[in-house]
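With chain A's structure known, arrange chain B on it following the hints.
Protein chains in written order, with our numbering: chain A, 1 to 114; chain B, 115 to 228.
Take these hints with a grain of salt, some might be off.
Claimed, not checked - Label pairs and their in silico Cβ distance ranges:
#1 B:VAL169 <-> A:GLU43: 43 to 49 Å
#2 A:PRO15 <-> B:PRO127: 31 to 37 Å
#3 A:GLU43 <-> B:PRO210: 22 to 28 Å
#4 A:VAL55 <-> B:THR218: 19 to 25 Å
#5 B:ALA222 <-> A:LEU10: 24 to 30 Å
#6 A:ARG65 <-> B:ALA130: 29 to 35 Å
#7 B:LYS171 <-> A:PRO15: 35 to 41 Å
#8 B:ASP214 <-> A:HIS50: 45 to 51 Å
As the list claims (entries may be wrong) - Quick look at which bits of chain B chain A covers, simulated, 3 or more residues with Cβ under 8 Å:
#9 135–142
#10 200–210
#11 213–221
I should point out that these hints are in silico values taken from the structure, not numbers from a laboratory.
Quick reminder that beta carbons are idealized off the backbone N, C-alpha and C, glycines included.
Protein chains: 2
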Amino acid sequence: MTDRESSRTLAHPEPAGIRLEGVLHALSDPVRLSIVRELAGAETGLACSHFPLPVTKSTTTHHFRVLRESGVVRQTYHGTTKLNALRRADLDELFPGLLDSVLTAAAAEAARRQ
Amino acid sequence: MTDRESSRTLAHPEPAGIRLEGVLHALSDPVRLSIVRELAGAETGLACSHFPLPVTKSTTTHHFRVLRESGVVRQTYHGTTKLNALRRADLDELFPGLLDSVLTAAAAEAARRQ
Numbered sequence: 001m002t003d004r005e006s007s008r009t010l011a012h013p014e015p016a017g018i019r020l021e022g023v024l025h026a027l028s029d030p031v032r033l034s035i036v037r038e039l040a041g042a043e044t045g046l047a048c049s050h051f052p053l054p055v056t057k058s059t060t061t062h063h064f065r066v067l068r069e070s071g072v073v074r075q076t077y078h079g080t081t082k083l084n085a086l087r088r089a090d091l092d093e094l095f096p097g098l099l100d101s102v103l104t105a106a107a108a109e110a111a112r113r114q
Numbered sequence: 115m116t117d118r119e120s121s122r123t124l125a126h127p128e129p130a131g132i133r134l135e136g137v138l139h140a141l142s143d144p145v146r147l148s149i150v151r152e153l154a155g156a157e158t159g160l161a162c163s164h165f166p167l168p169v170t171k172s173t174t175t176h177h178f179r180v181l182r183e184s185g186v187v188r189q190t191y192h193g194t195t196k197l198n199a200l201r202r203a204d205l206d207e208l209f210p211g212l213l214d215s216v217l218t219a220a221a222a223e224a225a226r227r228q
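Looking at chain A on its own, in the form it has when it is part of the complex (with noise of 0.2 Å):
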């Protein structure tokens, strides 16, 4: 491995390293949790500037890095874009019907707010 590509790789936990408290901190938040309902209705991975959030670049890159690193989303690289993917298949597989709970949960309570 290059030292170029070695700097484009980005770390990810294995799913036996995914812990629960990781995911519920990383769902925790109102910014990152509503990354993660967009992800979740899409049908290919998204690029961080996809999404219109109401805070700064770094702010953003900081709730994507811990959603990667707390083993709810994949980021790969593609060209110079990175594209996040939730990892539904590695979350339902350890923590069976937590994503789901949690997503059809955010929607009640974003339906209840508007």
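For chain B alone, coordinates are given in the frame of chain A:
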């Protein structure tokens, strides 16, 4: 209400004030999650002192306050003792399936790590 009584009334959110993000945050700490797991298996309210936690008394108090203020537990005074109970009915109505999936995931994770 006398001052003495009012000083012993603990603030709890109404069900409509319970936020998903707050509940997920409350559950995202391993100590708080262990408290919730034990309360889920208890038939009666449990005193804070019931829990042999690996933290200081003031940290314990903090954890119970986070659980109460997020709407996860109800704390009531019985004499000089605060008893804690899971607000399971409120949580199940607001966020169907969420608490059960978290409890199942926490049990599975605890089993994996033994």
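Here is what the structure says about each hint:
{"no.": "1", "hint": "B:VAL169 <-> A:GLU43: 43 to 49 Å", "verdict": "45 Å, holds"}
{"no.": "2", "hint": "A:PRO15 <-> B:PRO127: 31 to 37 Å", "verdict": "35 Å, holds"}
{"no.": "3", "hint": "A:GLU43 <-> B:PRO210: 22 to 28 Å", "verdict": "26 Å, holds"}
{"no.": "4", "hint": "A:VAL55 <-> B:THR218: 19 to 25 Å", "verdict": "33 Å, violated"}
{"no.": "5", "hint": "B:ALA222 <-> A:LEU10: 24 to 30 Å", "verdict": "27 Å, holds"}
{"no.": "6", "hint": "A:ARG65 <-> B:ALA130: 29 to 35 Å", "verdict": "34 Å, holds"}
{"no.": "7", "hint": "B:LYS171 <-> A:PRO15: 35 to 41 Å", "verdict": "37 Å, holds"}
{"no.": "8", "hint": "B:ASP214 <-> A:HIS50: 45 to 51 Å", "verdict": "33 Å, violated"}
{"no.": "9", "hint": "135–142", "verdict": "holds (count 6)"}
{"no.": "10", "hint": "200–210", "verdict": "holds (count 3)"}
{"no.": "11", "hint": "213–221", "verdict": "holds (count 6)"}
Hints 4 and 8 from the earlier list are contradicted by this structure; the remaining hints agree with it.
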